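K.L.:
The lines below spell out each chain.
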Amino acid sequence: MGYNVDSIRKQFPMLDESKKMQGHSLVYLDNSSTTFKPQCVIDAISSYYTDLTANAHRGDYDLLYRMDVEVLNTRKAVARFVNCDVGEVIFTSGTTMSLNQVAYGYGLKHLSKGDEIVISEEEHASNVLPWFEVAKKTGAIIKFVPLTESGIITENNLRSVMSNKTKIVSLAHVGNVLGNIHNVSMMARVAHEYGAIISIDGAQSVPHLKTDFKSWDIDFLSFSAHKMCGPTGIGCLIGKANLLTEMDPLISGGGNNVDFHIDGSVEYLPAPAKFEAGTQNLSGIVGFRTAIEFIESIGIDNIHKHDREMAEYAMEKMKNIDDIIIYNKEAKNGIITFNRKDVFAQDEATLLNSKGIAVRSGQHCAKILDNFLKCKATVRISTYLYTNKADIDRFVDVLLEGGDILDAYFSN
Amino acid sequence: MPISLTNDMMRQIIMDHYSNPINKHQPADASFIKVHMHSDNCIDDLDIFLQIKNDIVTDACFDGVACTISTASTDIMCDLLKGKTNKEAEYIIDQFHHMMHEQPFDGEVLEEALAFINTSKQAARVRCASIGYLAAQEILKGNK
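Chains as they are written, first to last, in my numbering: chain A, 1 to 412; chain B, 1 to 144.
In short, the hints are calculated from the structure, not lab data. It is possible that some hints are incorrect.
[Unchecked claim] The calculated label-pair distances, taken between Cβ atoms and stated as ranges, are:
{"no.": "1", "chain 1": "A", "residue 1": "D342", "chain 2": "B", "residue 2": "S31", "range": "43 to 49 Å"}
{"no.": "2", "chain 1": "A", "residue 1": "F144", "chain 2": "B", "residue 2": "I56", "range": "46 to 52 Å"}
{"no.": "3", "chain 1": "A", "residue 1": "S297", "chain 2": "B", "residue 2": "H36", "range": "37 to 43 Å"}
[As the list claims (entries may be wrong)] Here are the simulated lysine-lysine pairs, DSS-like style, with alpha carbons at most 27 Å apart:
{"no.": "4", "chain 1": "B", "residue 1": "K121", "chain 2": "A", "residue 2": "K355"}
{"no.": "5", "chain 1": "A", "residue 1": "K376", "chain 2": "B", "residue 2": "K24"}
{"no.": "6", "chain 1": "A", "residue 1": "K341", "chain 2": "B", "residue 2": "K24"}
{"no.": "7", "chain 1": "B", "residue 1": "K121", "chain 2": "A", "residue 2": "K19"}
{"no.": "8", "chain 1": "A", "residue 1": "K210", "chain 2": "A", "residue 2": "K332"}
{"no.": "9", "chain 1": "A", "residue 1": "K374", "chain 2": "B", "residue 2": "K121"}
In this text, all values refer to a predicted model and were calculated from it rather than measured experimentally. Glycine included, each C-beta is placed from N, C-alpha and C at the ideal position.
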């Protein structure tokens, strides 16, 4: 059976014709930022409040037990989805918290003056700023992997910044500006060769590509549910069991300890509970599992193929428009970053907004990339499993029409 | 300045001030008061400079990175504020904010700034059109 984008679209209330932006039906091309939710995910979130409300890990009655089973089932679904052990799945509020947990829980504990952390210029702020802070506190040094002209991290380039001082390599699998798919198993192999650990930001990859935590030999993997049709405020940190034992919790409180005493001594629970202090985002956890099942029902490989088809369809059309500058002609993951010659990115985005088309403009939280792209801001489109050719056509039509930002003010 | 500007006239005003922002430069000397403003949702990253002598805005200019809307709007604002008393300047700024937020406003004092009357249709750009006014407001408040 072929990929039926029409029947997929029908499951998303946000894609209903009744939803208008600036009087036009909505074309949503900002999926790297967040994704729409299918009705089944919305129902699952709601079911927590209508049928399942109870805390987890707190007592002895049936509702609590049911909630514990729900949480465990989501953990199992995540483990199946990214190929890790169930005990390696930690729930967080999302990628940002996961990356902070690694930086503060692992980095702060293990780094000393002169140690090196390797990141790249393409990293999202949440994979840069925690390391800046940890480097300041420990005296560690941050090294940036040089990117090739098209933004790729090659083995040689990675090796050029590695040394026996490198303790942590923290890189995105797919960058959120250029959309390149990096070779994670190569990066893990090189990191381990130098005795470093590797933390992968999977925010832009896990929703779009088959992820294999075990066979890629990653040490930490971070991602968010909301970029894969799931609820906001829930995500995961996957960590190898031995590293989870070594790592300190970012936050402490109820539910993450066995015992503590007036003298200050604490015995923490083993992972994952050690890292999940406080009441968890339980409606989010229930919705997250449904999102994973929804993606599995379509097939992650089919989703990846569809993303590429849509991006290639857009790329072919955009390449032929004279004044459009594309920054990532080679990228293969549904992200296209561009500008119109002599037009500010935000102005182009406003023009598109006025036609009902949602795109992102700015620096996409990767502010250190301007040295590389040599521009202050770009416009980015990003596709997902429900993007269709009509969306791309509407978008390209606006690019072709040209016009300027002031059309957005004076068109109707 | 008539309140009945046509769309074409408004476009022309904005494009003129964007293409040739005569007030976009560094101040002539150290007598200017500077406020830095940036935007969370746009590239705008501007310094606004007012020179105030005896409660009169004697000169105004701005510099930095700015989109079409913020460049044109801030350039027009500088023209509007020059030569006004602090009180008059504050009144103009208030009227501009009222216009941005679709509240009743005194259009007589806004002159070319009336070209931004449609900004509320593009809610995400209200900050761009207002950024210079917010900076000037801060300077005037601090100068009391």
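K.L.:
Hint by hint, note whether the structure agrees.
P.N.:
So, going through the hints one by one against the coordinates:
no., hint, in the structure
1, A:D342 / B:S31: 43 to 49 Å, "violated (35 Å)"
2, A:F144 / B:I56: 46 to 52 Å, "holds (51 Å)"
3, A:S297 / B:H36: 37 to 43 Å, "violated (51 Å)"
4, B:K121 / A:K355, "holds (12 Å)"
5, A:K376 / B:K24, "holds (19 Å)"
6, A:K341 / B:K24, "holds (22 Å)"
7, B:K121 / A:K19, "holds (17 Å)"
8, A:K210 / A:K332, "holds (14 Å)"
9, A:K374 / B:K121, "violated (32 Å)"
Of the numbered hints stated above, those contradicted by the structure are hints 1, 3 and 9, listed in ascending order.
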